[in-house]
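Chemist: Below, each chain spelled out in residue letters.
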Amino acid sequence: MRLETRKLLDKAFSGLGIIAIAVMAMALLAILSPIIWRGSKAFVFKGTVEHRRVMLEQFDRGNPEKFNADYAEAVAARAPIYDMLEDFEKETTQLEESLSEKQEAKKNQSKEFRNKARAMKKEGGSDEKIAQLEAEENRLKDEAKALKEQIRALSETREEPFHELVDAVQDLFGPMPGQKKPVLIRQQYGQTRWDRTQVKLHEVLYEEEWDYSNADAMGILVTKPRVEKFRGTELEGFFHYLEENLEAMMKPKTTFYWQFITDTSKDSHIFGGIWPEVLGTIYLTLGAMIFAIPMGVIAAIYLCEYAKEGRVISFLRICISTLAGVPSIVFGLFGLAFFLNTIQVSDSKSVLAGSLTLSLLILPTIIRSSEEAILAVPRAYKEAALGLGAGRWHTVMTVILPASLPGILTGIVISMGRAAGETAPIIFTAAVSVGAPLKIWETLNQPTPALPWNIYNLCTEHEAVDEIRHVQYGMVFTLVAIVLLLNLAAILMRARISKKLRG
Amino acid sequence: MSKEITMKPIDTFASHGEVDPQAETHIEAKDFSLFYGDFEAVRKVSMKIPKKMVTAMIGPSGCGKSTLLRSINRMNDLIPSTSAAGEMIFDGHNIYAKNIDVVTLRARVGMVFQKPNVFPKSIFDNVAYGPRLQGMKNKQELSEIVEQSLRQAAIWDEVKDRLQANALGMSGGQQQRLCIARALAIKPEILLMDEPTSALDPKATALIEDLIGELRKQYTITIVTHNMQQAARVSDLTAFMYEGVLVEFGKTKQLFTNPDNPQTENYITGRFG
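Chains as they are written, first to last, in the numbering used here: chain A, 1 to 503; chain B, 504 to 776.
The hints are simulated quantities; they were obtained by calculation from the structure and are not laboratory data.
Interface residues of chain A toward chain B, partial, derived using beta-carbon atoms under 7 Å: (1) Ala-384; (2) Gly-387; (3) Leu-388; (4) Gly-389; (5) Arg-502.
Backbone N, C-alpha and C fix where the C-beta goes; we use that ideal spot for every residue, glycine too.
Chain A with its partners taken away, still in its complex shape:
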């Protein structure tokens, strides 16, 4: 090969390498940046006055006097809206009342004519007169019927849209003044986030309808301005006013909600933070470590230092490798069948059972990485220790373990990240969707919410998925942050210990 060709190939290879690294970095960025961007919205967002109310009333946080002044302004700004709604309701009732009065009057009149007609029949009055009276009676009856129809139409054109509107407004601002306090916390407050406020505003301003006019095709969703239904009434100006003054009513303010991580959740994640999940994840991960580290490291030491190579040992090694490849859901089912149903470590799902299952999952990783770290210890160290009269046990404890510690720790921390993020093994053994933060002794017999499971649960099974999108992303962000921090810790720890070893 000519020198030029070789140089060219060399350059091509390094170029390819750089491109590969760049692509990987881009992919990582593409994955991470939406997580960070959307996740950060759980912590930093425009919070409305309702958010501050939730904080004050549910979490006892914030300055009550300042809040009251703030809230009073918002209430004052909202007052015209409620006045308009009230007026409209009053007018509707009045209209209805006057119509039913008229109807009643017509009915009575027609009855009078009928009675007259009957009386005349008995007395044997002229047929002509009777017919006249009957005609009059029928005319009045028809008029009463028409009035009844009008009342019915009134409820269709005024009352139904009005109730829909009131529901939408309640969604936006919370219960109406003077209304009984709802039971569900989510109905006691208006929208806490400005982005959600605007979505709800849209729902107040527009109504959604399905257009089925084309019988051959699927229905089409059309949005219609709600104002159309209230043309010529007191509420015609309502929508414009609402749109114009929404900020005064909600008082959005950039809010830093760091307590998102350490707050418990209220009303299944509609309000509050994710502390039960974070704590559950910590418990599960640490629990898995408590079981897996001693077992894994001891197994690795045995395999490397004590076991005599033979069929049994190679079979054992194959088993360990296979164990590493078993799908995690299988571990979950095993945990359910063995820990919960067979040996019954607890009556229900529990952190203990979940930790045991997770520890089995990460055991092969820990054994493998520890084994590699131990095998990487220079033979010379072992020889030196043995040559000085150290037994196997002493050699392992004083020389081999300290020298292989960086590798073992790296393995441990990486499997810790895995344990923190695993979902399938804890579905059957430990995880529930809603729960309070557990005390340490409660972990023995109680299930816990945990980040990975709840991320899945919130986006598939929550009754108000759209309301808690920010919680989902906040959870994803927190989980990714935990895992990344663990890995970073592994790298730093490794660097520190290797430096200490190298001198």
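For this one, chain A is given, so just place chain B on it according to the hints.
Modeler: Below, chain B without anything else, positioned relative to chain A:
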């Protein structure tokens, strides 16, 4: 290093005086063989290594001299599928007998390896490793023994100010002398040296050779070396091995000047090997 180093002329022999023919035997191999699986690395060697003398083992690569040396403290046990035949007698016992405690044996037979293999610990901890294993916990005693060993290994002056520094920060020659100090700290009777200078430069080599000259007063030293001049310089007795067989064993001066065996002569005159 302030000390002036002078290399002795190549054809100088150890001026340790005459070998006492009545010297007490310290280790004796009787028809000793060692196998790696089916391969017989050491073939029926019989030799008596006398007390408080320096015995060198020379021979071409793969001749079994290292294996023989490592058989003396059973370091070969570390390699799977080794087996021994014959006897290796130390202190009146065959060390390959079943009831021998290898750990005690190794505590009595110190070893220095080809590559300096200090632990990634402080200098102090390296030297104190052996005494600690034997259960010594008293700080005072430990530091005494560390100082003594480091002085014996002629490295005390260089490291006395940084005993807590990591041993891996030292130069290769210093590390090797530290290894010697570490071996001396367990107060062995025999010191085995497996090519202790092959990884070192001439200056460090000269220091180690001087050290061996000092240590022979207290210890029985057995040294494996590739370097015939080194064997000539430091040893009282020399053994020449070839393909696992002990070809010739005798006083160093005699072996180098007037060997009995033509194979030995060929080797030391550089015709092969």
